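All the letters of the sequence shown, read from the start, carry residue numbers 0 to 187 under numbering that gives the first Met the number 0.
None of these hints come from the bench; they were simulated from the model. This structure is a prediction, so every number in the text was calculated from the model and none was measured. Do not rely on the hints blindly, as some may be mistaken.
[As the list claims (entries may be wrong)] Ranges between beta-carbon positions, derived for each pair:
1) Glu130 to Lys163: 24 to 30 Å
2) Glu69 to Val181: 42 to 48 Å
3) Lys120 to Lys182: 53 to 59 Å
4) Asp165 to Glu130: 17 to 23 Å
5) Lys29 to Asp172: 14 to 20 Å
6) Lys101 to Ala81: 18 to 24 Å
7) Lys187 to Glu80: 14 to 20 Å
8) Lys163 to Pro43: 42 to 48 Å
9) Pro162 to Glu72: 54 to 60 Å
10) Leu106 to Val82: 29 to 35 Å
11) Lys182 to Tyr30: 23 to 29 Å
12) Glu51 to Gln141: 30 to 36 Å
13) Lys101 to Pro162: 52 to 58 Å
14) Phe111 to Gly153: 19 to 25 Å
[As the list claims (entries may be wrong)] Capping the alpha-carbon separation at 30 Å, the derived lysine-lysine pairs in DSBU-like fashion look like this:
15) Lys108 to Lys61
16) Lys187 to Lys29
17) Lys99 to Lys61
18) Lys66 to Lys109
19) Lys36 to Lys68
20) Lys163 to Lys36
21) Lys187 to Lys163
22) Lys182 to Lys120
23) Lys68 to Lys29
24) Lys119 to Lys109
25) Lys182 to Lys36
26) Lys66 to Lys36
C-beta atoms are modelled at their ideal positions from N, C-alpha and C, and glycine is treated no differently.
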Amino acid sequence: MNKEVLKSLSIITFAILMAFVIPSTVNAQKYAYVDTKYILDNIPEYQDAQDELDELSSSWQKEIEVKYKEVEELYKQYQAEAVLLPADIKKQKEEAIIKKEKEVKTLQKKYFSPEGDLFKKREELVQPIQEKVYNAIETIAQTRNYGFVFDKSGGMTLLYGDPKYDISDEVLDEVGTVMQTVKRDQRK
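With these hints in hand, go ahead and build the complete structure from the sequences.
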């Protein structure tokens, strides 16, 4: 046999081999998606945590608004009296207003910054629930041999999702083994 024929046979053999290998590899990879918003909406403990966080946030926001109004009142009072006040008293009042405003900003940062009390409370209340959901997703993905599980409610855009690949209810059922979830027939 000449080299051209051997080369052609090699190419044909390789092509046939690839025709069998590639589809089996591609088919082995399975995909699913979840809707974490739907899942979390059907976990009462998560809603309780959100309600607690909303209440704390609202309470702290009101406290800060009251303090800002105090600063505003001090400033209005200062403006009304400024013309009549001696320079040293003016300076004292200005410093008092600036000090009070800094205190309010410090309090606001204490409550609402990325390292603040609200963020810490969110981690304390919500993170354990999210971990349980993630563990349930991981368990189902490993059990069913999913290569990827997407979240359609997250930042990634899912343009189409066949409902047969939506494992959100299975995740809720799996999470239900370690915490309370809404029963399947009552889910939103």
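Here is how each hint holds up against the structure:
The hinted range of 24 to 30 Å is satisfied by Glu130 and Lys163, whose Cβ atoms lie roughly 27 Å apart. At roughly 45 Å, the beta-carbon separation of Glu69 and Val181 lies within the given 42 to 48 Å, and the hint holds. For the pair Lys120 and Lys182, the supplied restraint of 53 to 59 Å is violated, since their beta-carbon distance comes to about 29 Å. Under the hint 17 to 23 Å, the C-beta atoms of Asp165 and Glu130, about 22 Å apart, fit the expected range.
At roughly 19 Å, the beta-carbon separation of Lys29 and Asp172 lies within the given 14 to 20 Å, and the hint holds. Taking the beta carbon of each, Lys101 and Ala81 are about 20 Å apart, inside 18 to 24 Å as hinted. The given range of 14 to 20 Å is broken by Lys187 and Glu80, whose C-beta atoms sit roughly 58 Å from each other. For the pair Lys163 and Pro43, the beta carbons lie near 28 Å from each other, so the given range of 42 to 48 Å is not met.
Taking the beta carbon of each, Pro162 and Glu72 are about 58 Å apart, inside 54 to 60 Å as hinted. Separated by about 32 Å at the C-beta atoms, Leu106 and Val82 satisfy the suggested range of 29 to 35 Å. Between Lys182 and Tyr30 the CB atoms are about 28 Å apart, so this pair conforms to the stated range of 23 to 29 Å. The hinted range of 30 to 36 Å is satisfied by Glu51 and Gln141, whose Cβ atoms lie roughly 33 Å apart.
A hinted range of 52 to 58 Å holds for the C-beta pair Lys101 and Pro162, which are about 55 Å apart. The hinted window of 19 to 25 Å between Phe111 and Gly153 holds, with their beta carbons roughly 24 Å apart. At most 30 Å may separate the alpha-carbon atoms for a hinted pair to count; Lys108 and Lys61 meet this at roughly 14 Å. Between Lys187 and Lys29 the CA atoms are separated by roughly 27 Å; this keeps the pair inside 30 Å, and the hint holds.
Restraint check for Lys99 and Lys61: the C-alpha separation of about 17 Å stays at or below 30 Å, so the hint holds. For the hint pairing Lys66 with Lys109, the CA-to-CA distance comes to about 14 Å; that is within 30 Å, so the pair holds. Pair hint Lys36 plus Lys68 does not hold up; C-alpha atoms about 37 Å apart against a cutoff of 30 Å. This hinted pair checks out: Lys163 and Lys36 have alpha carbons roughly 18 Å apart, not beyond 30 Å.
With a C-alpha separation of about 18 Å, the suggested pair Lys187 and Lys163 falls inside the 30 Å cut-off, and the hint holds. For the suggested pair Lys182 and Lys120, the alpha carbons sit about 28 Å apart, so the restraint of at most 30 Å is met. Using a Cα cut-off of 30 Å, the hinted pair Lys68 and Lys29 is violated, with the two alpha carbons roughly 58 Å apart. Simply put, Lys119 and Lys109 have alpha-carbon atoms about 11 Å apart, close enough for the 30 Å limit, and the pair holds.
Distance check on the hinted pair: Lys182 and Lys36 sit about 16 Å apart at the alpha-carbon level, within 30 Å; holds. Distance hint between Lys66 and Lys36 is unfulfilled; the C-alpha atoms sit about 36 Å from each other, more than 30 Å.
Of the numbered hints listed earlier, those contradicted by the structure are 3, 7, 8, 19, 23 and 26.
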